[in-house]
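**Student:** So the chains spell out like this:
2 protein chains.
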Amino acid sequence: MEGFVDDSLEFRADVRERDLTHSSHSIGIVEKDRLDPWGETSVANYDRLHSEFGIDRIEPLIPRFHGKLSLHIRRGIDFGQRDLGRILDAVDNNKPFAVMSGIKPTGVFHLGTKMTADDMIYFQSLSKKATVFYAIADVEAYNDNGLSLKESSKIAVQNVADILALGLDPERAVVYKQSQEIKVMRLATIFSRGVTNNMLKAIYGERQVGLYLSALIQAGDILMPQLAEFGGPKPVLVPVGADQDPHIRLTRDLASAYREDFGFIPPSSIYHKLIKSLDGGTKMSKRSASSTLTLSEEPSSAAKKVMAGFTGGRSTIEEQRRIGGEADKCSIYDLYLFHFALEDDYAKRVYDECYGGIRMCGDCKKELSVLVKKYLEDHQKKRESLMKDAEELLERSRKTLDSMAR
Amino acid sequence: MEGFVDDSLEFRADVRERDLTHSSHSIGIVEKDRLDPWGETSVANYDRLHSEFGIDRIEPLIPRFHGKLSLHIRRGIDFGQRDLGRILDAVDNNKPFAVMSGIKPTGVFHLGTKMTADDMIYFQSLSKKATVFYAIADVEAYNDNGLSLKESSKIAVQNVADILALGLDPERAVVYKQSQEIKVMRLATIFSRGVTNNMLKAIYGERQVGLYLSALIQAGDILMPQLAEFGGPKPVLVPVGADQDPHIRLTRDLASAYREDFGFIPPSSIYHKLIKSLDGGTKMSKRSASSTLTLSEEPSSAAKKVMAGFTGGRSTIEEQRRIGGEADKCSIYDLYLFHFALEDDYAKRVYDECYGGIRMCGDCKKELSVLVKKYLEDHQKKRESLMKDAEELLERSRKTLDSMAR
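Top to bottom, those sequences are chains F and R. Reminder that position 390 of the first sequence reads as 390 in our numbering, one-by-one numbering, no gaps. Reminder that position 71 of the second sequence reads as 71 in our numbering, one-by-one numbering, no gaps.
No lab work stands behind these hints: they were computed from the structure. Keep in mind that a hint or two might mislead.
Remember, identical chains collapse to one label, so a pair may be satisfied in a single copy or spanning two.
To be verified - List time: in silico DSS-like cross-link candidates among lysine-lysine, alpha-carbon distance up to 30 Å:
no., residue 1, residue 2
1, K388, K399
2, K128, K68
3, K373, K201
4, K234, K150
5, K154, K399
6, K399, K150
7, K201, K183
8, K388, K183
9, K95, K154
10, K373, K95
11, K329, K382
12, K234, K381
13, K201, K381
14, K329, K201
15, K305, K201
16, K399, K329
On a predicted model such as this, the values are computed, not experimentally measured, just so you know.
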């Protein structure tokens, strides 16, 4: 994930151009003018997010990474940001900053979640002054999935082991369960008095009060690293999918509203595109097991899912040879691009061969299924060996948090 | 507060009748058909609360107190209940039950709060199996009054000393700060998903989400004593002013909705009338310092406030002699009745002398101001001697709660 040189940017620009050329489903955002963190937002035209939602482009900041670009940034998977410069300032000046994310511990760490984890780990690696805050949303898991706190507690250990296996440095990480972290709930309660129904409606549309509260709790998660107990105000980066931007906007508004009392700096964000689901849907979601790959599933069953995946292939081999396939529509290509083709050249080759009519879907899927199987076998082995470290990290974090701010 | 005999009921009935006869401001509930815990609900006709809100009368349960009636019940100040029989069953069968209340630690323990405390302490005294749960609403104090958690922490100690001075048995009491009690917040979050905006709107009207959340937190406070950590489901009594009934209804609905998961028994409640403010308003409120008496104020200044209080007196002494005063409209009489005339005979005498044209307002106020001054001097001395006990109770409670249910 490190040491890539800037010429990879050519690849990035190349993909972007093709995106626009080939993409036939540029219907914009499904629910017009609204990103929906709880729905099935499909973002087909990411340019609209810049023009309509004020998400800034990453390109102008590229030189500031000093050549250490992540796979996501190089490939245009991370496509936008808000105040990312603030984080890069902290890196340059060797000042403390935080990277914040979370997971709902419902048993599966799927590839969408992995993308957030990858970003988090990458930014942690950029500076010794970076601390990762990771929230285990066990109360949400109870509310949404009926999972008892005890059940999700078990799953949480595995989720943490997953992140450790992906490369998190546990020495600069605080992992906590929402059900145990009163500081987050306290902030949520305070924020609940600072927002009006109209503000919430403008950001999220008309929702049940429970979803509004869940948004306020997430704002608490994001701003907690800036409390005095954690060294006070500092830049905080939140890597998210584009559909989560409403939470970022709300939290930035709240940070401004409570600046006088808490000194909050509005959080920064970086946005990744959503990986297609294996059935061709626009967002891989935990809700549909057959169309989602997770880090926990049996490697050979994952390989089978890949073989059954939706592609951008033509009706006949003859046609595909003649006019080429459509990688931009293909869930298989997304898996190469987002996760499994670690070398840029390899991803580019898959893409070119597809559009060039050289690569046939059957072979392409077979090739990927081997990669996926191998990846999962290695990952799961690594994770198994890190279960004890995960427990220790959870325990250590709990002690740290408990000792604070009574 | 104990050992009163049943003939006091005559006094009760008497007052009730006069209430209806003399009361000229029987305009019902100000905001039609809605009790408002956050507004200035004025309840002039308590009968409507029985017929329209389904609050049950206390009278049928009187024999079940075995002659040990509180001052509030004897005098019809406690005028209604929901499922109070469940608490009396627990008393009779020597089964555990809880009495739950709370305070916003904004510095003043006023006479309205004292009424709730009196009820709480009375029901604690009815059985060795009664445990009091007392919530210090410090997050609300921050939200509503801008009080930092540190400031309200200091005030909370004094508030707890106030209750100890009023007679709370600390051995069977758990006192906690909302800002530290994750179990309450966890319940509030869970409940937030079980209610719809329509349910909340039906109970409270259209409100800001922050007030809805504060209602859900109060539901968490009320139901926490039934969690497994506290011995599981049990009857819980909440003594409140009539204006707080919406919280009780919401909590009873939630208890039913979550019975399967938690085994909750719907909480019981007992309602007291609201004491008039010294300026003649219908509810003594912290918002108006000049028209409110608190347990913390300088005794001689309190005496002065009494002397300036709104009475039910006539324009001239001559008129008052001729047709009598109107105790039912008088803030001074309320102070006798609710708090300072400890003997029923004495309260009855003040009332009769007023309507009989024998008692003039100036003398009546002077008489009361002496009582109030003496009461506050004694109370404050007692409280001072209990500050250390209050700190210990808070500390012990915190340890108990922390050790639970991680």
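**Student:** Compare the structure with each hint and give your call.
**Tutor:** Verification of the hints:
Taking identical chains as interchangeable, the C-alpha atoms of K388 and K399 lie at most 30 Å apart whether they share a chain (17 Å) or sit on different chains (29 Å). When the C-alpha separation of K128 and K68 is checked against a cutoff of 30 Å, the pair qualifies only within one copy, where the shortest distance is 15 Å, while the shortest distance between copies is 69 Å. Taking the closest pair of Cα atoms, K373 and K201 never come within 30 Å of each other, the shortest separation being 44 Å inside a single copy and 53 Å across copies. With identical chains, the CA atoms of K234 and K150 are at most 30 Å apart between copies only, with a shortest distance of 23 Å across copies and 34 Å within one.
Taking the shortest alpha-carbon separations for K154 and K399, both the intra-copy value of 18 Å and the inter-copy value of 26 Å come in at or below 30 Å. For a Cα distance limit of 30 Å, the shortest separation of K399 from K150 qualifies both inside one copy, at 19 Å, and across copies, at 22 Å. Within a single copy, K201 and K183 get their C-alpha atoms as close as 26 Å, and across copies as close as 29 Å, so both meet the 30 Å cut-off. In the homo-oligomer, the alpha carbons of K388 and K183 lie at most 30 Å apart both inside one protomer (27 Å) and across protomers (28 Å), since each shortest distance falls under that limit.
Taking identical chains as interchangeable, the C-alpha atoms of K95 and K154 are never at most 30 Å apart, the minima being 35 Å within one chain and 36 Å between chains. For the identical chains of this complex, K373 and K95 are neighbours neither inside a copy (41 Å) nor across copies (60 Å), given an alpha-carbon limit of 30 Å. In this assembly of identical chains, K329 and K382 lie within 30 Å of each other by CA distance neither inside one copy nor across copies; the values are 33 Å within and 78 Å between. With identical chains, the CA atoms of K234 and K381 are never at most 30 Å apart, being 37 Å at best within one copy and 48 Å at best between copies.
Taking CA atoms no more than 30 Å apart as the test, K201 paired with K381 passes in neither setting, with 46 Å inside one copy and 52 Å between copies. When the C-alpha separation of K329 and K201 is checked against a cutoff of 30 Å, the pair qualifies neither within a copy, at 34 Å, nor between copies, at 45 Å. Taking the shortest Cα distances, K305 and K201 never come within 30 Å of each other, neither inside one copy (39 Å) nor across copies (47 Å). Within a single copy, K399 and K329 get their C-alpha atoms no closer than 47 Å, and across copies no closer than 58 Å, so neither meets the 30 Å cut-off.
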